[in-house]
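Chemist: Chain by chain, the residues:
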Amino acid sequence: MPHVQVALAAAGFRRYATYRQAALAGAFTNVVFGFMRCYILLVVAAQAGGSVGGYTGPQLVSYVWLGQGLLAVVNSWTQLDLAERVRTGDVVADLLRPINPLWTYLWTDLGRAGFAMVTRFIVPVVVGAIAFGLYVPRHLLTYPLFLVSTALAVLVCFACRYLISLTAFWMLDIRGVTMFWVFVSGAASGLYFPLAILPGWLSAVLWVATPFPALMQAPLDVAVERGGLAHGLLVTGGQLVWVVLLLLACRWVQHNAVRKLVVQGG
Amino acid sequence: MAESGVVAVYARVVGAQIRSQVQYRGSFLLEVFGSMVTNALDVATVFVLFSVTGGLGGFGGTEVLLMAALSAVCFSWGDLVMGNSERLREYVRTGMFDSLLLRPLSSLAQLTAITFALRRVGRAVQGLVLYVIALLLADIDWTVGRVVLAVLAPIAGTVFFASLFVAGATVAFWWIESGEVANAFTYGGRDFTSYPSTMYGGWFGDLFTLGIGFGFVAYYPSLALLDHPDPMGVPSWLHWCSPVVALIAASLAALFWRVGVRHYRSTGS
Amino acid sequence: MIISASGLRKEFTVTRKAGRFRRERHVVSAVDGVDLRVERGELLGYIGPNGAGKSTTLKMLTGVLTPSGGEVTVCGIEPVAKRTTLARRIGVVFGQRSQLWWDLPLGESFSLLRHIYRVPAGDHATRLRQCSDLLGLDEFIETPVRQLSLGQRMRGELTAALLHGPEVLFLDEPTIGLDVLSKQAVRGFLAELDARGDTTVVLTTHDLADIEKLCRRLVVIDHGRVVHDGTLDELHARYRSRRTIVADLDTPWPPNLKIPGAEVTTVEADGRRVTLALDGLAAGQVVAALAQAVALRDLSVQEPQIEDVIARLYRDAD
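Protein chains in written order, with the numbering used here: chain A, 22 to 287; chain B, 876 to 1144; chain C, 11 to 328.
Treat the hints loosely; a few may be bogus.
Computed cross-link-like contacts, SDA-like style, restricted to lysine to any residue with a CA-CA straight-line distance of at most 20 Å [as the list claims (entries may be wrong)]: (1) C:Lys92 - B:Phe1131; (2) C:Lys193 - C:Gly146; (3) C:Lys92 - B:Arg1137; (4) C:Lys92 - B:Ala984; (5) C:Lys92 - B:Val881; (6) C:Lys92 - B:Leu980; (7) C:Lys92 - B:Ser981.
Because the hints were derived from the structure by calculation, they are not lab data.
If we strip away everything but chain A, and leave its shape as in the complex, we get:
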């Protein structure tokens, strides 16, 4: 791997590593939410005869606790610095560098996700395992596939947030877009409840037409082996398609943004 990428990722990792207190506080909050969601879903499953939306008890436990862990790794709620830099005009400095800011931000964000993986992800997963007992995957292949799926989820989320930041080139106040994103990415990604609970047509539309399930539901389904290994490979492939499409969209939109900047002088 070229030198620059490693350095950028390391910088992203270190930047978050300085906020250890914040990481601990965030993990604590994830654990509290984990307990609540876990109990709620288990009760619903018990009343429904042992399973909800095709997930059995231990699968639900894993769904909840891995979900709480992934929340900070995927990190859909914090916007990139880029938006603020576009607003203040500092973005010009980013564009003058010999490396495309898309890659700069991407590698930095991967570094951040790496730090979240070894802190924010581990804590809820360990607590969930001790308090409830997690689902143990049957196939060995599920473990590496989960890591790949998680990495792809981080990339999908990054590309979405990058696109949102880029809208700041055209809009003075991007809070509206951000707010819309926070609502939809929470509910439609499978964070609050498994998407399988929704009516079949709605969850199908979400999976096929939107990138949201690729943020949370996809890696979680891989981890609990919902629909077996084949299904896992399918959703991971779907994530890959979204990564490619969204990154292409980022490049295209950025290209137009830069042209606008050059033509109109910011």
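Place chains B and C on chain A using the hints.
Modeler: For chains B and C alone, coordinates are given in the frame of chain A:
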């Protein structure tokens, strides 16, 4: 000092705060709308889960609705009054908290004034409407006591959540970056109280329901209104105790605040 | 006595990284036993290097910070215990921290403060008129505070601090970052306030012109302790700041030449410019001796510079 005078000054400071906020009209309207959607999504989530089995934790539709609505009204009003208190972190980090301490008003009252977020008013009204509908739909044997409780419970719950917001913000006097711990109890409390407490098991359920007192926000008052015994066996007189619990919570939060202010370090310059 | 502090101390605990995971706790004394007495109507300059403890002292005097030890009263009141009572009787301007409402017009901030401090409408109007005349507020009183220049904002802050007729005015770096005209306006205003004599002013500043023009009494603090308390002249005397003579010569300065009552401090321009510091003798005697010894072309006598004193003071402190 006359109490009415204090209220008038407070009203003026809140008024100034509101005038500042509505200056950015586009953003303001957007956020009013956004907060209403959040509320609707919260209640919708409860009903997505409810729809799976047609009941939650041993309670039927109108009963679950009453608890979820009471929780929504308490949280949204607490949030309207104190929900911006996380801004204290910014005040402490930059040292701006100094200016609050230099005025001849209680610092806590001033915090309340500056954290008043009018944009959350849509959500608060929405919560209130939902609560009234839930009261009408629920099978309640109305007595004088229950009417009083139906009025007091949302007030007590609001005080309870406001106290949590204050206590959570106060943590900033010691640990600036740990603000998210407070979210576990404020936003976490909103989620917790949206469901019947019977759904939570183990030490976690006991700790949150009785230890921290979240059961007294929506669950116990709803049981008292519905004349429903507690499946977990808490005596029925306790179901009426939300106002007492709210007073205790408010006193503890105020005490914690006083200790916190003494600990303020006024850095940032 | 309107301000009285004895043995005032403030300690902070700071955690520092020591190795990868270990953190060490250190106790740092920001203020380490300060004694301060200020009479009604005085204008006091409270100066010292960055981090000396100036702001910390001011914050303890105004009730923002709880002292770690010592006794302090302002207007006969213990600041932290009776914070809100004291707040009515003092005015405070802390450089970067605004008392004003960012998004509201300046005038609205003033009328809000009137209600917060419960000032009778008549008194408020009179004081606002006075401040407005002296500081020229009229041209921007309807402007939202966030749109004011720093100089305009500082004039607004000064007014805001005085509208309730405080007995003591605390100013932390009131001229920092201001343009020349605003600095003059602020200084002129403070001089006027001082001349009227009914407001006690405590002023911290790094601006030497502030000190020379305004402060009859200087308290110098360093490492949390008072190192000087007296007039500017006393400060000069104590640090032996001397008048200097700069002489331009036709021929180079003879290396071993000594002039009684003066010390050669620098020789420049190939020996054709020499600077001598006077040891208290009258300048005439030295000039006369100089004229006898070398061929003078030009000569000037310079008064002692406060910069030199302060610089020396700060250097000694390190």
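Chemist: Could you run down the list of hints and mark each one as holding or not?
Modeler: Checked hints:
Between C:Lys92 and B:Phe1131 the alpha-carbon distance is near 19 Å, which keeps this suggested pair within the 20 Å criterion. For a cut-off of 20 Å, the pair hint linking C:Lys193 to C:Gly146 stands: about 13 Å separates their Cα positions. Pair hint C:Lys92 plus B:Arg1137 holds up; C-alpha atoms about 13 Å apart against a cutoff of 20 Å. The straight-line distance between the Cα atoms of C:Lys92 and B:Ala984 is roughly 16 Å, inside the 20 Å bound, and the hint therefore holds.
As the CA atoms of C:Lys92 and B:Val881 are separated by approximately 17 Å, the hinted pair is consistent with the 20 Å bound. Distance restraint check for C:Lys92 and B:Leu980: the Cα-Cα separation of roughly 11 Å lies within the 20 Å cut-off, and the hinted pair is therefore satisfied. Between C:Lys92 and B:Ser981 the CA atoms are separated by roughly 11 Å; this keeps the pair inside 20 Å, and the hint holds.
Checked against the numbered hints above, the structure violates none of them.
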